[in-house]
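Participant: Using the sequences and the accompanying hints, generate a full structural model.
Note that the protein sequences, when read in sequence, are chains A and B.
One rule links them: number in the working numbering = place in the first sequence (from 1) + 293.
One rule links them: number in the working numbering = place in the second sequence (from 1) + 1.
Calculated directly from the structure, the hints in this document are not laboratory data.
Accuracy of the hints is not assured; some may be wrong.
Claimed, not checked - Derived pair list, reagent style DSSO-like, types lysine-lysine, alpha-carbon separation capped at 30 Å:
1) A/Lys425 with B/Lys143
2) B/Lys3 with A/Lys915
3) A/Lys798 with A/Lys393
4) B/Lys143 with A/Lys915
5) A/Lys425 with A/Lys353
6) B/Lys13 with A/Lys915
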Amino acid sequence: MVDRIADIWGTRTPYARDERWPVRVDQVLAEGVRESEVERWVQSACVLCSNGCGIDIAVKDGSMVGVRGRSMDIVNHGRLGPKGLFASWQGVNNKDRLTKPLVRENGVLVESDWETAMERIVSRSRALLDEKGPLSHGFYTSGQLFLEEYYAQAIVGKAGIGTPHMDGNTRLCTATAAAAMKESFGSDGQPGSYVDIDECDAMFLFGHNMAETQTVLWARVLDRIAGPDKPRLVCVDPRDTEVARHAEVHLPVRPGTNLALMHGLVRELFVNGWIDQDYIDRHTMNVDELRTTVEQWTPEAVAETCGVEADDVRRAAEIFGTSERVLSTVLQGFYQSSQATASSCGVNNLHLLRGLLGKAGCGILQMNGQPTAQNNRECGADGDLSGFRNWENPEHVQELADLWNVDASVIPHWAPPTHAMQIFRYVEQGSIEFLWISATNPAVSMPQLPRIRDILSAEGLFLVLQDLYLTETAQYADVVLPAAAWGEKTGTFTNVNRTVHLSEKAVEPPGEARSDLDTFLDYSMRMGFKQLDGSPLLGWATSEDAFNAWKECTRGRPCDYTGLTYEKLRGGSGVPWPCNEDHPEGTVRLYRDGVFPTDPEYCESYGHDLLTGASVGPEAYKAMDPAGRAIFKTAPYHPAHETPDQDYPFRYTTGRTVYHFHTRTKTGRSPQLNGAAPDVWVEMSVNDAESYGLVEGDVVRVESRRGHIIAPVRVSGIRDGSIFAPFHYGYWDEGVAPSAGHRAANELTITEWDPVSKQPVLKNAAVRVEKVADGAGASSAPTTTASRPAGRGGGRKPALPTAGGPAAQAQETIAPVPPPAVATKEEHS
Amino acid sequence: MKLPVYLGLLHKSEGTLAESFRQVSEGHGHEPDVHFLCQALAAQCEEHQKALQPIIDRYGEVEDDDEPERLHADGLQDTRSGPVGLLRDLQDLYLLASLVDITWTMVKQAAQGLRDKELLDVVTGCDGQTSTQLKWLQTRMKQAAPQALIAAG
Chain A
294 MVDRIADIWG
304 TRTPYARDER
314 WPVRVDQVLA
324 EGVRESEVER
334 WVQSACVLCS
344 NGCGIDIAVK
354 DGSMVGVRGR
364 SMDIVNHGRL
374 GPKGLFASWQ
384 GVNNKDRLTK
394 PLVRENGVLV
404 ESDWETAMER
414 IVSRSRALLD
424 EKGPLSHGFY
434 TSGQLFLEEY
444 YAQAIVGKAG
454 IGTPHMDGNT
464 RLCTATAAAA
474 MKESFGSDGQ
484 PGSYVDIDEC
494 DAMFLFGHNM
504 AETQTVLWAR
514 VLDRIAGPDK
524 PRLVCVDPRD
534 TEVARHAEVH
544 LPVRPGTNLA
554 LMHGLVRELF
564 VNGWIDQDYI
574 DRHTMNVDEL
584 RTTVEQWTPE
594 AVAETCGVEA
604 DDVRRAAEIF
614 GTSERVLSTV
624 LQGFYQSSQA
634 TASSCGVNNL
644 HLLRGLLGKA
654 GCGILQMNGQ
664 PTAQNNRECG
674 ADGDLSGFRN
684 WENPEHVQEL
694 ADLWNVDASV
704 IPHWAPPTHA
714 MQIFRYVEQG
724 SIEFLWISAT
734 NPAVSMPQLP
744 RIRDILSAEG
754 LFLVLQDLYL
764 TETAQYADVV
774 LPAAAWGEKT
784 GTFTNVNRTV
794 HLSEKAVEPP
804 GEARSDLDTF
814 LDYSMRMGFK
824 QLDGSPLLGW
834 ATSEDAFNAW
844 KECTRGRPCD
854 YTGLTYEKLR
864 GGSGVPWPCN
874 EDHPEGTVRL
884 YRDGVFPTDP
894 EYCESYGHDL
904 LTGASVGPEA
914 YKAMDPAGRA
924 IFKTAPYHPA
934 HETPDQDYPF
944 RYTTGRTVYH
954 FHTRTKTGRS
964 PQLNGAAPDV
974 WVEMSVNDAE
984 SYGLVEGDVV
994 RVESRRGHII
1004 APVRVSGIRD
1014 GSIFAPFHYG
1024 YWDEGVAPSA
1034 GHRAANELTI
1044 TEWDPVSKQP
1054 VLKNAAVRVE
1064 KVADGAGASS
1074 APTTTASRPA
1084 GRGGGRKPAL
1094 PTAGGPAAQA
1104 QETIAPVPPP
1114 AVATKEEHS
Chain B
2 MKLPVYLGLL
12 HKSEGTLAES
22 FRQVSEGHGH
32 EPDVHFLCQA
42 LAAQCEEHQK
52 ALQPIIDRYG
62 EVEDDDEPER
72 LHADGLQDTR
82 SGPVGLLRDL
92 QDLYLLASLV
102 DITWTMVKQA
112 AQGLRDKELL
122 DVVTGCDGQT
132 STQLKWLQTR
142 MKQAAPQALI
152 AAG
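Facilitator: Here is the structure:
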């Protein structure tokens, strides 16, 4: 047994390049439950991060009582991370769950029934549609629902109501991944595979604290590092993360300067001739523009702007330029920072310059933050057109109209889909009066919370909320609908590397809670949304009906699901799309042939100018004639819009800790995880703490132009001049009204977004710090991760090492079976 | 030779456009994308002015001339408010940027006739940015128009 709070990544199983990652089956059962007492193990995949680990749910007496990893799954080879082990089932099986619909009566939410709640929704919705039309409606969804639910929501929104105002919290986590791939390759679709970790010689992690955000993927990296021919690691991150500690080169860039670094790395490839001219000639376009843009970014210029060593830039570039096989991963350090899309395209550019794409060990993983974010992007509940279709291409719009049997003019395609921040702006201005939020908690997760709270409480707004718990956001709702959780409904979802999993219903939802799919189908039926022949717009009875309809929507598109069925997904491993007649076992890597989905008739987007976000448009795009070539996209570096000054001298950045997910609605209800990271903290460097007379645990007020938080200091390995706060902590377990609280990291963040991906810039703001009280002891920040203490703690008693004790023991079974083979025939060709 | 008249027109129009971008930026602080980007675009216009300076030093700049003077457009007097106000302000910027754009085209024609490589290089560097400014304005207005014209109060 292993304490998986103290030992986050579990026992090492070293392996060499080109070997398969050994299996290790991780298992946890509720206290007092023996394995022999488990009545059923029900197949699923984990939803506590974006990795998509195959998981079995243990069921006893109609309840979830534990989990184990699925040994045959190509994603995790049996492993689970701390969140999967402790929060997946305990975060759902909890006394706080909503069991009945709530409606607002005289200003107070009171228990009600489905008939009353749905009729309130439908009557408001219908009245607004009659009076003001579809633009009065907005939907803000999640990265947590199942594929079938997003597809239902997309059809309801696009073909039932006809509103362009649909987005998800995926805008906060993964919008830039999608945008960068659309710009460079013509369509969303992850080029690489996790199996590239087994086969690479070097790994670059760009703004990606994989050790905390995808612990099982990091375990795979650690096992390579422990093996005989370990990959060389390069880490770009302002914090001293676990990744940084294992890196040969750590580039702790100033927050907000990623693009300057990318320009410097690209320039080194040109200058040193570390490029594949033949690949560039045959498979790419616009290389000269790229060369011109990066010309001024010598390693010294990068050092000056980014605050890193020029020689480290050279060393990093040399590792990229000379390693045979390079895998890059990218996440929020790039996506939630300044010039997000341009910086992320910079990673694509590095790989295109060397042709390191579509072959063993040579991948790009533009990561997702959430388990089902990929499906939101595919299905179009985030505003994109379903099946990676292009809203500027009338034929694509007509294809959807034919599939759904509706008039094409109903489907909003006259302008880009409205992104989340703009939806909230329209609510603020009063032109959206009906907002339906599902499975997300903007009252804690969105930037500049004082403003978001004002918007949510706006008079005249009718707010519907669908969730498991009475979240901070629920406090503002007019109707709260209790949702069935993971394990209480059946559906599919797709992870970062395109692997589709089936998640079966294991137990009944509590009380009257219903699946999100059933709720959307009920709304559609009550609203009377119809096809052209008069039949119901959504005539599905089950999630499998929805899946089958979705398959037709993907036929011939990059995300082709036509070769998948529920039956095929049952019993074995998840399968990576495209899965169709040509690829019956799925597809490990895209772009093996160097042909990209940039053809104007096929592409998902005609692209944008990365500095301004201006649309390229169909005429200019067709004139470019990309003809299956990838496109080097870039922009000049521009400093962040809010940089430190005399009044606000620190750069403020936000992020995660390994023990929590989002706003802790699930992880905060797992005793093991909550115990490991019970409360907020802020991180300061040793030098900054000293110059402010602060020691570990002292309580500070951190203030931006928009708000302040009060939290104890963790003196950590963060770079000088930067302050970090975890964004998980809100107010539901604090017993104060959100408007009176000062715990959420987003009280301080700025309302600003990337011009292309529209992802909010959550990782860059200017703040100041003042001490408000001496600490009573060390802060409660975890000691096992990037928040590990640094320096000598100013004489204060050091923080206790983070551990889980007896309650956090997990069983690990090493190599009970051989590792799963990666499925496809092209793997062997 | 009337090229100096057009160089003067261009120089002045870029200045007017820069000022107007700044004004819209300040007047629409609640639209962060407009706010920040207009600042960046104002700086771009000023860069264009700087890039033109050595050319103007060579050819001279005529500030006052009869015929083309009518082409000078005034900048924004002040910004409007509300969703339709934003749309109208962006539309004004679009008109000003169009004038700049077509003037670059005229100057480019002259530069080709003169085989003036230095001027051609300046045009190539700046005109592309001006047309991107126009495209951005169009993109942003297309996004804003339905809501402003149909749903906003």
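Participant: Run every hint past the structure and note whether it holds.
Facilitator: Hints, verified against the model:
1. A/Lys425 with B/Lys143: At roughly 20 Å apart (the allowed maximum being 30 Å), B/Lys143 and A/Lys425 satisfy the hint.
2. B/Lys3 with A/Lys915: violated (38 Å)
3. A/Lys798 with A/Lys393: The hint holds at about 20 Å.
4. B/Lys143 with A/Lys915: holds (21 Å)
5. A/Lys425 with A/Lys353: violated (51 Å)
6. B/Lys13 with A/Lys915: Not OK: B/Lys13 and A/Lys915 at ~35 Å, beyond 30 Å, violated.
Hints 2, 5, 6 from the earlier list are contradicted by this structure; the remaining hints agree with it.
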